[in-house]
Each structure stands twice: as C-alpha cells, then as structure tokens.
Amino acid sequence: MTAEEYLSKVKVKYSNLKNYRDTGVAGSASGEDHRVTFNTDFNRHSYYKVQYTIHSEKIDECLNHLIYSDFNTLKLEGDWEKFQKIIDTNTPNSLPDIIACTTGISWGATHSISALLMDNVGGFRITDIKEPEFVGDIDTVTTITGNHPWVENCQITVVFDDMLIQSIERPSEKYIIKFKPEIY
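The numbering of the sequence shown is our numbering, which starts it at 6 and goes up by one.
These are computed hints drawn from the structure, not numbers from a lab.
Check before you lean on any hint, since a few could be wrong.
Cut-off 20 Å, straight-line C-alpha distance, at most; resulting in silico cross-link-like pairs (SDA-like, lysine to any residue) [as the list claims (entries may be wrong)]:
id, residue 1, residue 2
1, K23, Q171
2, K135, H50
3, K54, N21
Sequences are here, hints too, so could you generate the full structure?
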C-alpha cells in the first residue's frame, strides 16, 4: 500500500466516524510565543463542539472560545469581541464558516480534524498532502511526509491500525498540533 492509498483510507475513516473526541495542543514546536489548547467532541447525528484557549505573548490574556452546533443552530461562547478585532471581521454565522475563520488563530486546531469529520467544512484537508511518502518502517505508529499547499515537508503521525491522527507537524515553520484522539 502506498502512502497516498493509506491517507485515502484515513480520510474515509474520519468521514465515517459516528463519534469522535480529542484533546490536544497546537502551536510552535518549542511551546513559546503562541499555543492553543483544545478539545473536540463530535457525534455525527447530534452535535459538534470544539473548545479552545489561545495562550499568546502577543495578547495580554488568554482567549477562550467555545463553538457548539447541533447542526441546526450555532452557539458561540467566549471572547468573540476580542477575536473579531484580531481577524478584523464579523463573526461568521455558520459552522463551516466559523471553523474556517478560526483556523489561523487556533493554529489549525479547529480545522484539521473537523474538515475530515464533516464534508461541508471547506479548505485543505491534511490527508490531501501532495507527494506523500512513508518515513521509516510502517509499525504501530507511522509518519507520512508530503507537501502542504503553503509549506513543504508536512509530517503526519498516525496510529497505523486504527488510522487516527496523532500529530501534524510543519518543521520548517516549527509548528505542531498534537492530538489525543478517542472513538467512543
């Protein structure tokens, strides 16, 4: 099996999950400057929820955000007025739009897995990296490297058998997202 075929299977796995949750951290690999802690909870038939906190030296205080949807209504809690000043726009009113809008400030924490779980979330899916290759031996945990549209050498670490993403790293930008995924 090629790395491209394996990533296609990972994409299908996430798009078929009925329930998923994770906790994690995103930010600079050194943990300095800007870091986002997050947790996601998803039930395909009932709700999507992501809660994250932005810790940044550029902002005097932490920003806390909660995005919740029952797929009919959207509920936002937290420091959205401060968020609007940072992104210089009105807060979007649909789940796909708010996920897209918060991608940058959350260092991908809101988008990376959400785009795999829900087809209506636009943007680049990490499983679509170009020229993917397995790095090292395929064991219980494997790393795949490939090119992201904005940066070369994106690395995805996946538990091989259950196909759950453990981390996404862009070494040239010293950027990493670490996930502790769970299917329930």
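Now for the hints, and whether the structure bears them out:
This hinted pair checks out: K23 and Q171 have alpha carbons roughly 19 Å apart, not beyond 20 Å. Distance check on the hinted pair: K135 and H50 sit about 32 Å apart at the alpha-carbon level, beyond 20 Å; violated. With a C-alpha separation of about 18 Å, the suggested pairing of K54 with N21 holds against the 20 Å cut-off.
Checked against the numbered hints listed earlier, the structure breaks hint 2 alone; every other hint is satisfied.
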